[in-house]
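If you read the protein sequences in the order shown, they are chains A and B. For the first sequence, our numbering gives the first residue as 1, with consecutive numbering after it. For the second sequence, our numbering gives the first residue as 206, with consecutive numbering after it.
Errors might be hidden in some of the hints.
[Unchecked claim] Straight-line alpha carbon distances no greater than 20 Å define the calculated SDA-like cross-link-like pairs of lysine to any residue that follow:
1) B:LYS304 <-> B:LEU315
2) B:LYS251 <-> B:ARG237
3) B:LYS296 <-> A:PRO11
4) A:LYS85 <-> B:LYS304
5) A:LYS99 <-> B:LYS296
6) A:LYS46 <-> A:ASN5
7) B:LYS304 <-> A:GLY9
8) A:LYS99 <-> B:THR213
9) A:LYS85 <-> A:ALA60
10) B:LYS290 <-> B:ASN276
11) A:LYS46 <-> B:LYS290
12) B:LYS304 <-> A:ASN5
Derived from the structure by calculation, the hints contain no laboratory data.
There are 2 protein chains.
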Amino acid sequence: MAELNETTGIPIPTIKYYIREGLVAPGRPTGRNQADYTEEHVRRLKLVRALVEYGGLSIAVIRDLIAQVDNPELEAFDLLAAAQKTVTQAKDPRPGPYKDGAERRLHDLLAKRGWRIRTGDPAYRTAVGVLAALDEVGRQDMLDVLDDYAEAAERIAEIDLGLIGDVRDRDRAVEIVVIGTSVGDTLVATLRRLAQATVGERLYT
Amino acid sequence: MAELNETTGIPIPTIKYYIREGLVAPGRPTGRNQADYTEEHVRRLKLVRALVEYGGLSIAVIRDLIAQVDNPELEAFDLLAAAQKTVTQAKDPRPGPYKDGAERRLHDLLAKRGWRIRTGDPAYRTAVGVLAALDEVGRQDMLDVLDDYAEAAERIAEIDLGLIGDVRDRDRAVEIVVIGTSVGDTLVATLRRLAQATVGERLYT
Numbered sequence: 001m002a003e004l005n006e007t008t009g010i011p012i013p014t015i016k017y018y019i020r021e022g023l024v025a026p027g028r029p030t031g032r033n034q035a036d037y038t039e040e041h042v043r044r045l046k047l048v049r050a051l052v053e054y055g056g057l058s059i060a061v062i063r064d065l066i067a068q069v070d071n072p073e074l075e076a077f078d079l080l081a082a083a084q085k086t087v088t089q090a091k092d093p094r095p096g097p098y099k100d101g102a103e104r105r106l107h108d109l110l111a112k113r114g115w116r117i118r119t120g121d122p123a124y125r126t127a128v129g130v131l132a133a134l135d136e137v138g139r140q141d142m143l144d145v146l147d148d149y150a151e152a153a154e155r156i157a158e159i160d161l162g163l164i165g166d167v168r169d170r171d172r173a174v175e176i177v178v179i180g181t182s183v184g185d186t187l188v189a190t191l192r193r194l195a196q197a198t199v200g201e202r203l204y205t
Numbered sequence: 206m207a208e209l210n211e212t213t214g215i216p217i218p219t220i221k222y223y224i225r226e227g228l229v230a231p232g233r234p235t236g237r238n239q240a241d242y243t244e245e246h247v248r249r250l251k252l253v254r255a256l257v258e259y260g261g262l263s264i265a266v267i268r269d270l271i272a273q274v275d276n277p278e279l280e281a282f283d284l285l286a287a288a289q290k291t292v293t294q295a296k297d298p299r300p301g302p303y304k305d306g307a308e309r310r311l312h313d314l315l316a317k318r319g320w321r322i323r324t325g326d327p328a329y330r331t332a333v334g335v336l337a338a339l340d341e342v343g344r345q346d347m348l349d350v351l352d353d354y355a356e357a358a359e360r361i362a363e364i365d366l367g368l369i370g371d372v373r374d375r376d377r378a379v380e381i382v383v384i385g386t387s388v389g390d391t392l393v394a395t396l397r398r399l400a401q402a403t404v405g406e407r408l409y410t
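This is chain A alone, in the form it adopts within the complex (with noise of 0.2 Å):
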């Protein structure tokens, strides 16, 4: 434990903690307080760490994805899917005008564009109670550009199923759209921020 330690930084309270909470499996133990670990438990405890650090997951979460991993019922499809639904945690909108609007609102832009209307996904859900609460807090001029972000979302969602195109194996398939959906969040909401810095300097200096 103390080379696992060494090889990944990550303190040994946390491996620990990791391997009790079930999100990394225990060592092969080879006597009394020692256990061998191999380079799946490096990889394992290097993704638990960037889930949680630039993923905004839970252990909670994690150790949902992880269970549906070692589920061998769940076809590769499936698995995929439950994955992106694990990662994805809906809110749901209060009841109310602005839920309504915002349900109509959002039926218009998937209708125009084209997507999939999946009311019961997390991802519908949350649209909806975004787009109420912006209305809610008078950012009807957001609204009123929606259909360019969701232009600029689909960009973005082609440029990561263009990613997963050719894995074969299931585990590693699970990894990728965890990773990506979860850690690429963080990556595209921070190349805004950088984005926003210099496009606000041609705008307006």
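For this one, chain A is given, so just place chain B on it according to the hints.
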């Protein structure tokens, strides 16, 4: 306060908590256990709720933002920059080869796109961390298409900046930056997921 609760749907204990934490001004006392609240209180309550629910901001960060708005020493431009920095919580990368590689990669990207390099910025530091984490978990494929992601992010920044063009009111400008950045991240992330479902079908079925 019962009326505030009725208008906004925010539970009274939550309203009291926001007032106690300095996020919302107290009402004008009109008697024992009675106070007057204005439209401004309703507006502010809805703003705080949107930032908590869909902007992913903590109470402490929102308190910092409000302190900046209420600081008359800050000029509008500095206020916007300060607000933007406060919304962007930096996560510094660990020193080491992954960090060094990420920094080189980010410099190349910024130079290629003509984006400003401000190494102290929270967004810059987080970008280095995200790139290092992606490298460390074996997602070089995402790094290979970094420029594509950056191009899409630049498009989003152009949409963002187009919206604050003719806002003259100082407080309203901050509101726009704060909502646009924090709730905007959730909007983009959510649209990305909705698009992925459709793009995935187009590509793979």
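Hints, one by one, checked against the model:
no.: 1; hint: B:LYS304 <-> B:LEU315; result: holds (16 Å)
no.: 2; hint: B:LYS251 <-> B:ARG237; result: violated (26 Å)
no.: 3; hint: B:LYS296 <-> A:PRO11; result: holds (18 Å)
no.: 4; hint: A:LYS85 <-> B:LYS304; result: violated (31 Å)
no.: 5; hint: A:LYS99 <-> B:LYS296; result: violated (34 Å)
no.: 6; hint: A:LYS46 <-> A:ASN5; result: holds (11 Å)
no.: 7; hint: B:LYS304 <-> A:GLY9; result: holds (13 Å)
no.: 8; hint: A:LYS99 <-> B:THR213; result: holds (14 Å)
no.: 9; hint: A:LYS85 <-> A:ALA60; result: holds (14 Å)
no.: 10; hint: B:LYS290 <-> B:ASN276; result: holds (16 Å)
no.: 11; hint: A:LYS46 <-> B:LYS290; result: violated (28 Å)
no.: 12; hint: B:LYS304 <-> A:ASN5; result: holds (18 Å)
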